[in-house]
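In the order they appear, the protein sequences are chains A and B.
Mapping the first sequence onto this note's numbering, position 37 (from 1) lands on 37, and the numbers just tick up by one.
Start counting at 1 in the second sequence, then tack on 1000, and there's your number in this note's numbering.
Keep in mind that the hints were calculated from the coordinates and are not lab data.
No residue lacks a Cβ here, since even glycine has one placed at the ideal position from N, Cα and C.
Accuracy of the hints is not assured; some may be wrong.
Said to hold, decoys possible - Heads up, incomplete: computed chain B residues facing chain A, CB under 7 Å, no partners named:
no., residue
1, Ser1226
2, Leu1238
3, Glu1242
4, Glu1250
5, Gly1325
To be verified - Label-pair distances were calculated between CB atoms; the ranges are:
no., chain 1, residue 1, chain 2, residue 2, range
6, A, Lys353, B, Phe1220, 31 to 37 Å
7, B, Thr1326, A, Asp213, 51 to 57 Å
8, A, Leu62, B, Ala1283, 57 to 63 Å
9, A, Glu99, B, Thr1288, 50 to 56 Å
Said to hold, decoys possible - Far from chain A, by Cβ distances over 12 Å, these chain B residues were calculated:
no., residue
10, Leu1013
11, Asn1116
12, Glu1135
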Amino acid sequence: MDPETFRRDLGAWLDANADELTPPYDGIASMNEQMAHYSLVKRALYDARFGRYGWPESVGGLGGSPLLRAIVGEEINFRGLADPNAWTMIEVLAPTVIELASPELSARLVPPFLRGDEMWCQGFSEPDAGSDLASLSCRAVKTDGGWVVSGQKVWTSFIQYSQRCVLLTRTGEPDSAHRGITALLVDVDSPGITYSPIETMHGRLDFAEVHYDEVFVPADRLIGEENGGWQVAMDILPYERSTTFWHRGALLHRRFSDLVAQLSDSGDLSELTAKTVGEVFLSLVAFRSRSRDTQYRLANGQQLGVETSIDKILITSAEQQLFEAVRDLLPGVVEFDEDPEATMWRTHYLYSKAASIYGGTAEIQRNIVARRLLDLGPES
Amino acid sequence: MSEFLDAEDAALLGASLAAAMLAAPGPDEADQALNDMGWPDLLAAAPDHGAAIAFTALGTTGSAATLLDDVVAHALGIPISPSVCVLFDASLHTNPAAPQPGDPRNLIEDNPYVLNGLVSSRIDRATTVLIAVDEFPGTEVAAVEAGLLREPGATGIDPDRAYRHLSAQVPADAVTPVEAEGSWEAAMTAARIALAYQLIGGARWMLAEARQHAMDRVQFGRPVASFQAIRHKLAESLVLIEAAESLAAECLRDPDPMKAALAKSLAGKAALTTATHAQQVLAGIGFTAEHRFHLWLKRMLVLDTLFGSARYLSTEIGRDLLIYGTVPRLIQL
Ligand SMILES: Cc1cc2nc3c(=O)[nH]c(=O)nc-3n(C[C@H](O)[C@H](O)[C@H](O)COP(=O)(O)OP(=O)(O)OC[C@H]3O[C@@H](n4cnc5c(N)ncnc54)[C@H](O)[C@@H]3O)c2cc1C
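The following block holds chain A by itself, in its conformation from the complex (with noise of 0.2 Å):
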């Protein structure tokens, strides 16, 4: 289907079940309503198929290509109809698990995530592995028919609400590095799971902090190879940058909207007000370039890679440029105000501080961009 077809009927269908799609809360919810809609939303998106394109049919799918599911959140977040972390997650787990684990448990464990009803999790950061991920130490013993997963997890996002957790495990010996890490597909209900969720600084509960005390994980639950976790992880990455990046960018761009409109409707002309405004879209436009592409190597089947490291750094600065416009430009809403609004643009200009430490810090990008595309050599 071609995708200007797609997105006028997807268009029409949004705008003929409004009432039903339109979030029921003004503003910025709770996490369990925000949840909760995000489910009914993907639900509806399923059952009048739209949902369900740009998947392969394995995993109750209707085939065609990723830039249809690039479109269905590009429209959601155009409309302001779901929350897009939720969203993020299928993007980024789900093509990694299709591609990487055994069809059959993809064919049992992905449709309930299609539709909505499911929500999965991804387990990769320790508190003693952030950047260096690497060094990760969660061990993961095998045993008969499959492996017992002992540590600690954290900044796991969403686990309170996951069925499935996407788990990196240390198999190898401690000093393996990414020669000794496997992938697993961990039910987040297992016995010897344990979670408390952490408060964000923009005060939701996010994430949390994860403890596996024994957990018997079956062996079909393997991703990828046994010691190919790191291949795994590195699978996941560009997918978090391409379809995504893409539906987070249209959000930036209608939280934009909003902001010009606004500023528009006090009539304000101003030099200073006309170049921030510029400069936030410039930002915008870039990123926004640069990911259309990307979403077409994608559709092309081309292997995606470090390169998306660039999508990353463009849609971080533009995002965070956006926020600090809208504190410079509505002076004292992000600090006092109350309302509706206020508390949308104060959670989104705090939730911005997060976009240059989550998915690889900004200084891990550059590293990335220095070392592998501009081929400078080891560090120093």
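Using the hints, position chain B with the ligand against chain A.
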């Protein structure tokens, strides 16, 4: 370069244009060589894609060939010729030294045309200068005899005086309307896309020089490329260059005045940022007249002012958004 040439052919063409530019000692010879290689046919067959290839080569070689006059004339629908040059729009303050009304140097009594813009070195040999006008019916273009506008020798920062500031007044009867099907908006769009490619080509040259220097230069017993502060500056430059190239290519795919202005703005930002970072990485040697870096720095400053600087263009677009109150998506899948 999709519809016009495949990537490989485009690269070959770019390389042969670049070789011709490097072999030519000055802008006249370069123009001649490019003419002989079929630049006019390239521009006629594929104005945007052809200009993109040629202007990238201008950027990477530092050539002062005067192709911009042709790009603008062509977009205006006026036959290109080495004797026709253009008064280009640019981000300039009004020259306080220029004769003002009432100035004794001002010999033109009534209703003079005040011209303020940039011209290429083609002015030295051209017979006609095209200018933008708004009072003639059916055309936005007029011609002034080049001889009236040749100034004695203001130097300017450009290494080859490739572009010069022209600030002059001419009597109304020296301005004659020219039949032109194209609009200045179309000409400006074409020029901005071409200049974006030249800025990107220049930025890539500067980045390559800085990268090589960082790899070769040893301090504290290791290449300076191993220091993170250096690496991040170069990474920053590459990110901007890649974004600018992507947006410029989007303009070729689906041209539009706003997109072209943004592409020129982003390319200017990429070139100026890369110049700053490259200068720092090159350090002492990059501050000498001997190293060629300064030639690029100066050319980039001049190119940035042409048809609106990075900052001017983004501010103007910001103002447009505020006036309309809505934001276009601009780029679609
Ligand atoms: C909102 C949010 C959601 C998240 N969700 C998840 C999730 O769902 N699952 C998950 O596994 N993780 C998640 N994370 C964790 C995230 O991936 C890590 O925070 C990130 O990888 C950085 O690790 P760290 O916080 O330990 O920082 P550190 O690695 O300790 O870094 C500290 C500082 O040192 C710098 N630094 C480190 N190494 C280098 C280097 N080599 N060169 C230069 N500078 C360096 C960093 O850039 C940073 O500025 C989330 C984080 C946030 C903020």
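(Q) Just to be careful: measuring from the Cβ of Ser1226(B) to every Cβ in chain A, is the smallest value less than 7 Å? (A) OK, holds: Ser1226(B) within 7 Å of chain A, min 4 Å.
Q: Report holds or violated for the interface hint on Glu1250(B), using the least CB-CB distance to chain A and a cut-off of 7 Å.
A: 5 Å, holds
Q: Check the non-interface label on Glu1135(B): least C-beta distance to chain A beyond 12 Å or not.
A: With a cut-off of 12 Å, Glu1135(B) remains clear of chain A, as the shortest Cβ separation is near 28 Å.
Q: With 12 Å as the threshold, tell me whether Asn1116(B) passes as away from chain A on beta-carbon distances.
A: 21 Å, holds
Q | C-beta pair Thr1326(B), Asp213(A): status relative to the range 51 to 57 Å that was hinted | A | 55 Å, holds
**Q.** Per-residue hint verdict: Glu1242(B), partner chain A, C-beta under 7 Å
**A.** 5 Å, holds
Q) Is the shortest C-beta separation between Leu1238(B) and chain A less than 7 Å? A) Holds. Min distance 6 Å.
Q) Do Glu99(A) and Thr1288(B) keep their Cβ atoms within the hinted range of 50 to 56 Å? A) 53 Å, holds
Q.
Assuming the hint says 57 to 63 Å, is it satisfied by the Cβ distance from Leu62(A) to Ala1283(B) or not?
A. With Cβ atoms ~58 Å apart, the hint holds.
Q: Evaluate the condition: distance from the CB of Leu1013(B) to the nearest CB of chain A exceeds 12 Å.
A: With a cut-off of 12 Å, Leu1013(B) remains clear of chain A, as the shortest Cβ separation is near 22 Å.
Q. Does the hinted range 31 to 37 Å hold for Lys353(A) and Phe1220(B) at CB?
A. 35 Å, holds
**Q.** Restraint outcome when Gly1325(B) is required to lie within 7 Å of chain A by C-beta distance
**A.** Hint holds; Gly1325(B) Cβ to chain A Cβ min 3 Å, cut 7 Å.
The structure shown violates none of the earlier numbered hints.
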